[in-house]
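Residue numbers (my numbering), protein chains in the order written: chain A, 84 to 414; chain S, 1055 to 1363.
Calculated directly from the structure, the hints in this document are not laboratory data. There's no promise every hint is true.
To be verified - Derived list of chain A stretches under chain S, where covered just means 3 residues or more per stretch with a C-beta under 8 Å from a C-beta of chain S:
id, region
1, 162-173
2, 191-197
Claimed, not checked - So these bits of chain S aren't anywhere near chain A, every CB distance computed over 10 Å:
id, residue
3, E1063
4, A1071
5, G1076
6, G1165
7, E1192
8, N1198
9, A1221
10, L1313
11, I1318
12, A1326
13, E1351
14, F1356
Computed from a predicted structure; not experimentally measured. Backbone N, C-alpha and C fix where the C-beta goes; we use that ideal spot for every residue, glycine too.
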Amino acid sequence: MTDVLTQTRTITYREAVREAIREAMQQDDRVFLMGEDVGRYGGCYAVSKGLLEEFGPERVRDTPLSEAAFVGAGIGAALGGMRPIVEVMTVNFSLLALDQIVNNAALYLHMSGGQFNVPLVIRMATGAGRQVGAQHSHSLEGWYAHIPGIRVVTPATVEDARWMLPTALSDPDPVIIFEHSGLYNSEGELPEPGAPVDIVSSRVRQAGSDVSLITYGGSLPKALAAAEDLATVGVSAEVLDLRVLRPLDTEAILASVSATHHAVIIDEGWKTAGISAEIAACIAEQAVWELDAPIRRVCSAEVPIPYARHMEEAALPQVSAIVAAAREIVG
Amino acid sequence: MLRIRRFEERCAQLYQAEKIRGFLHLYIGEEAVAVGVMEALRPDDAVVATYREHGHALARGMDPKLVMAEMYGKVEGCSRGRGGSMHLFDASTRFYGGNAIVGGGLPLAVGLALADRLEDRKRVTAVFFGEGAVAEGEFHESMNLAALWHLPVLFCCENNLYAMGTALARSESQTRVTLKAASYEMSAWEVDGMDVVAVEEAARRAAESVRSGGGPHFLEFRTYRFRAHSMFDPELYRSKEEVEKWKERDPIDLLDQRLTADGILTGEERAAMEDEVAEEVEAAVAFAEAGTWEPVEELTRFVYSEVGR
C-alpha cells in the first residue's frame, strides 16, 4: 500500500478550538476554563458556547473584569495542581495582567530554583482587521515572545487550532496561545483521526524555490494568497508558518532562506523592535551570505490602527504589499 | 521570634561585610505577625509572602541554613541562589515565595485556594502583604474574587504604617484597611501585631473559619518595622522618636515580660534560648560560607522545566 487514506472534515477555526477545550475537559478533571464571559455568554467569540451546559459553572468559570486577578488565579491554581485554561478576551486586555504573566508565570520556575513550575495555558484573541479601533486591534505576540520562561504559539490553521491545545496543556510550563480574531470564521480541512501536534516547530505551508515568505497567525492566509499571485508571474514562493514564536524555529527559517536566497517577513505587529526584527536579525546573523537581496519586511504601519476601513487596510499588511516586496527582491 | 531577630541581625552584619548583596529587607519588629500566623496553620496549608519574608520562611519551618545559603547566593540555598533574599521558596512547606511585586502574590493565593476548592481539600492559603498593597488594583481584584467565589484564603495585612517611605495617610483616602475588606463582604479584624499571643489567637480563629468553609477572612496586623525599609534607606520620612516609641512595644520584650511575670520563663531558660539561637545562626552562616557557587554552565537551567515534557 503506497497511500495512507486520510479522511478530513470541514470545520471552522472556532469549532476546532471548542472541540479541543471540550476534549481536554472530558479527559482530565484538572482542566477548567476561566475568563470573562466564557460561560453564560458563550465566549466573546463564541468559542466556549455550550461548554457551561456540559461542564457546569465550577469548570467553566465566568470571572469579573479583573485580568490581573484571574490570570494570577490561573497561575496559583496551576501551582496548586490544576491545569487551567485562562481565556483573556483579547490581547489588548492582557496588558492589565502583564504583571502576573511576566513577573509570576514566567519567573516562578527560575526564582524557585526549579521547585515551582506553572502548567498554565492562556488563550487570547489578537490582531486587527475588523474596524474595532486602536484599543482593540493590537498585535503584541512579539512582546510576549520576548520573555524567557513562557512559550508563545500562534495557531493559523484549523489543525493547529484543534491540536496545539492538548500539547500546551501537557507542557509543564506556561503557554500562551494567540488566536487571531480574523481566523475564527475561517474554514479548513481537519485530518481524521487527528493527533496532538508539537509546539516547537514551524511548517512549510507551501513549498517554493524563489523566495521565503515567513509569517504566522493571521497573516498566514495573506502570505498564501500572495504566493498564489506570485505563481502567476512565475515566482515560486515558499510559505513558512512559524506556528511558534518562542522558541523560534530558527533552523527552519535558515533552511528555507538558504534554499530560496530571498526573505520576506510578514507580521501584523509593528516593525520597530518587533518579532519581524528578531527574525531578520536571526537571518542576518546566521545566513547573511545565503541572501541574494536585502531582507524585506511587510508589517503594520507605525501608527495606532485606525477605525476607518480604508485607513485600517492601509495600516495592515496586505497581499499586494507582500507580492510587491517579493517581486522587488526576486527581480 | 528570637530566631528571626538574631538571624536578621546577623544578616545585616553580613550585608555590611558584603557577603549578602542586592536588596535586603529586614522584618525586625514585625516578628510576632509571621510567628503567630504560622502557629495557626497546618503543614499542608500554603503560604504566599512578600519580599520582606525571612521571618515568614523561618516561622514556616524552613531550615535557616538553606535560607542563609540563599542570601549568599549559593547553590545549596533554598532557591539554588537563583532567588536571593526576596525570593525564598520551599515546596516541602508549601512556601510559594518571596514575591517582590507589591500585591503580586494576592492573585496567586486566590488561585491556590481555588485549586483546593476544586479538589475539595480542606486547606488554607495564607497570603501576606503590607498596607501599601491596598493601593494596588491586584489587591482589590483579589479580594473581590476570593469573596465572590468564597475561597479559603486568609488575607494577612501587615500594616507597618509605611509603604517604603509613604505613610498610609499620604496614599489612601480611607486609612482603615479593614473597611476595604468589609466592603467585599469579608470578615475583617484589626489585631495588635506586636502581641504574638493576640496574633495567634486571631489567626487561629480566622484560619479555622476559613478551613471550615467560612470563605476568606482578613486580618490587619498593626505592627512596625524597627529597621530601615532596605539597606539603602536613610529614613527621612519618620522621626527617631516615633521609632523609639514603637520599640517600647518590641514583640520579643512583650512576650518576655509576660512569660516572666507568669513564671513560665526563668532567666536561665531565656539565656539558654539565646545560646541555642546563636548556635543555630552561626551554623547557618557556616553552612552558607561552606556552600558552593552554581557552575555558570548551568546558567540557562530553570527557564523551562527539565522533566515532564
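| field | Outside-interface status for E1192 of chain S - nearest CB in chain A farther than 10 Å | value | Violated, since 5 Å does not exceed 10 Å.
| Is the nearest CB of chain A more than 10 Å from the CB of I1318 of chain S? | Since the minimum Cβ distance to chain A is about 38 Å, I1318 of chain S lies beyond 10 Å and the statement holds.
| query | If you look at each residue in the region 191-197 of chain A, do at least three have a Cβ nearer than 8 Å to any Cβ of chain S? | reply | It holds: at least three residues are needed, and the region 191-197 of chain A offers 7 whose Cβ sits within less than 8 Å of chain S.
| Would the least Cβ to Cβ distance between G1076 of chain S and chain A come out above 10 Å? | 13 Å, holds
| Whether L1313 of chain S stays farther than 10 Å from all C-beta atoms of chain A, as the label says | L1313 of chain S clear of chain A: closest Cβ-Cβ about 37 Å, beyond 10 Å.
| Interface exclusion of A1071 of chain S relative to chain A, criterion Cβ beyond 10 Å | 24 Å, holds
| message | Just want to verify: A1221 of chain S was marked as not at the interface with chain A; is every Cβ pair farther apart than 10 Å? | response | 25 Å, holds
| G1165 of chain S clear of chain A by more than 10 Å, beta carbon to beta carbon? | G1165 of chain S is in fact no farther than 10 Å from some Cβ atom of chain A, at 2 Å.
| task | Establish whether the coverage given for the region 162-173 of chain A by chain S is satisfied; the threshold is a Cβ-Cβ distance below 8 Å, and no fewer than three residues must meet it. | result | With 5 residues close enough to chain S, the hint holds.
| query | Would you say A1326 of chain S is clear of chain A, with no C-beta pair closer than or equal to 10 Å? | reply | Check passes; 35 Å lies beyond 10 Å.
| query | Is the nearest Cβ of chain A still more than 10 Å from the Cβ of F1356 of chain S? | reply | Label violated. Min Cβ-Cβ 5 Å, cutoff 10 Å.
| task | May I ask you to check that N1198 of chain S keeps its beta-carbon over 10 Å from the closest beta-carbon of chain A? | result | 6 Å, violated
Hint compliance for this structure: hints 6, 7, 8, 14 are not met, and every other hint is.
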